[in-house]
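A.B. asks: As a plain string of letters, each chain reads:
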Amino acid sequence: MASMTDDDLKQMSQDERAKALGMTTEQLTGKSLYIEFDPEASERYTYPWSHDVDFNKRTEIDTDTLSTTEMNSAIRDRMKEGYGTIVLKNPRGKHSLGVGILNKLNLIVEGSCGYFGVGLIDGPNVRITGRVGWSCGENMMAGTVVIEKNAGSTFGAAMRGGDLVCRGSVGSRTGIDQKGGTIIVGGDTGALSGFMMQRGRMVVCGNAGKNLGDSMYDGTIFVGGEIRSLGVDAIEAELTDLDRQWLTRKLTQYGLMPDKGVDHFTKVVAGKQLWNYDNLEPSEKKLIL
Amino acid sequence: MAGTQYRGSEIKDVDQFLKDSAGLESEREKEIGQHIGYRYDVNLVPDYERITPFLKQYMEVMGWDDLNWLEDVHMGYEEGSPAVFDRNNNGWVRVPDSIELPDNQQDRDMIARELLIKFQMSDRHPLVALRKAYMKF
Numbered sequence: 001m002a003s004m005t006d007d008d009l010k011q012m013s014q015d016e017r018a019k020a021l022g023m024t025t026e027q028l029t030g031k032s033l034y035i036e037f038d039p040e041a042s043e044r045y046t047y048p049w050s051h052d053v054d055f056n057k058r059t060e061i062d063t064d065t066l067s068t069t070e071m072n073s074a075i076r077d078r079m080k081e082g083y084g085t086i087v088l089k090n091p092r093g094k095h096s097l098g099v100g101i102l103n104k105l106n107l108i109v110e111g112s113c114g115y116f117g118v119g120l121i122d123g124p125n126v127r128i129t130g131r132v133g134w135s136c137g138e139n140m141m142a143g144t145v146v147i148e149k150n151a152g153s154t155f156g157a158a159m160r161g162g163d164l165v166c167r168g169s170v171g172s173r174t175g176i177d178q179k180g181g182t183i184i185v186g187g188d189t190g191a192l193s194g195f196m197m198q199r200g201r202m203v204v205c206g207n208a209g210k211n212l213g214d215s216m217y218d219g220t221i222f223v224g225g226e227i228r229s230l231g232v233d234a235i236e237a238e239l240t241d242l243d244r245q246w247l248t249r250k251l252t253q254y255g256l257m258p259d260k261g262v263d264h265f266t267k268v269v270a271g272k273q274l275w276n277y278d279n280l281e282p283s284e285k286k287l288i289l
Numbered sequence: 001m002a003g004t005q006y007r008g009s010e011i012k013d014v015d016q017f018l019k020d021s022a023g024l025e026s027e028r029e030k031e032i033g034q035h036i037g038y039r040y041d042v043n044l045v046p047d048y049e050r051i052t053p054f055l056k057q058y059m060e061v062m063g064w065d066d067l068n069w070l071e072d073v074h075m076g077y078e079e080g081s082p083a084v085f086d087r088n089n090n091g092w093v094r095v096p097d098s099i100e101l102p103d104n105q106q107d108r109d110m111i112a113r114e115l116l117i118k119f120q121m122s123d124r125h126p127l128v129a130l131r132k133a134y135m136k137f
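As given, the protein sequences belong to chains X and P, one line each in that order.
According to the numbering used here, the first sequence holds residues 1 to 289 in order.
According to the numbering used here, the second sequence holds residues 1 to 137 in order.
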């Protein structure tokens, strides 16, 4: 693999490339893969393919006349040139803005975004001065996203990691299918927030709508205001000292720390009553036979 | 109500799944021959007093004020060995025997986070070859 250059690989078909790189089509599920790796050998902090960007190197892109594809390509081109701070001007509510950025970066959006803004990102710090539409930060892997105004529904859907912050209020189904990371809402959140949540943390400083945490499998929801109703299998739990420390740290970090502290927050977790293992139980199988 | 009641066992000891890799404690687990639930507390938030110098440096490089996505990374256990789950590889990375395990979960989680970053960022990570094989030129 070491002798294989990008130019060599470029001449090959995808199958040939996979074969040349020693990859296999064999089903590996349940098998161990032995890889020699010395944790002390190197101390890298970014992916090997990442662009080397400098946060102090700043540039602006006027997106007024650009399509979504052109806009996202322009961001990548600037990162290749080493720009670590990119300001997008005149986004005018365009959809899918800033998606798939797998690099460290400061991205500032001066205005509002449409649907699926900054989805699938892994690393950047994003600040959006306006509002965002549905599914902002969907499938986000790492980084921080701060929205200064309100956000639409399914905010942080299927999110896996990082901090997704909305200083205003958000729509319904916030953090649906959340698999990790932290969602922070400065205002209120709509119905069915935390629906099918699997892990991660959600902090709502205001009120939460109906059926909060419905069918949640795991994870934690903290609510500072009133909860209209809890969903199926969502239960209240005791706020620990570690929770208080973490909440204080996180909310202070984003300037959302309430004057009265964090003691009034309600903690909601999974009751684990919906965990279904019947299909594995031999005695019940006998009854069916 | 759909489903069944949770009949897993509580995690009582930090070494529970090192001493007994199967970890079948409750009646239901013994009956089905499978441990129910995670082998670590997925909701445990990090204690920032215990952060390592490497992780501090990582936060600085990325421009983050905290551990960010690493808050969800914990030390788990695979077949009786300490390990950390690598989401980029969809598999467990075993902690080398040369690393001495501390006596508490918080310090173990910090070791797991550090190891995972070093592995994910190395040229030895499977994602490097995968990316080369399937990237668009």
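Since the hints were derived computationally from the structure, they do not count as laboratory data.
Model, not experiment: these values are computed from the prediction.
One or more of the hints may lead you astray.
Which chain P residues face chain X? A few, computed with CB under 8 Å, are given here [as the list claims (entries may be wrong)]:
1) 5
2) 9
3) 11
4) 14
5) 39
6) 56
7) 64
8) 67
9) 83
10) 85
11) 123
Backbone N, C-alpha and C define an ideal beta-carbon position, used for all residues, glycine too.
A.B. asks: Of all the hints given earlier, name the ones this structure violates by number, lowest first.
C.D. replies: Going through the list in order, the structure violates hints 2, 3, 4, 5, 6, 8, 9 and 10 and respects the others.
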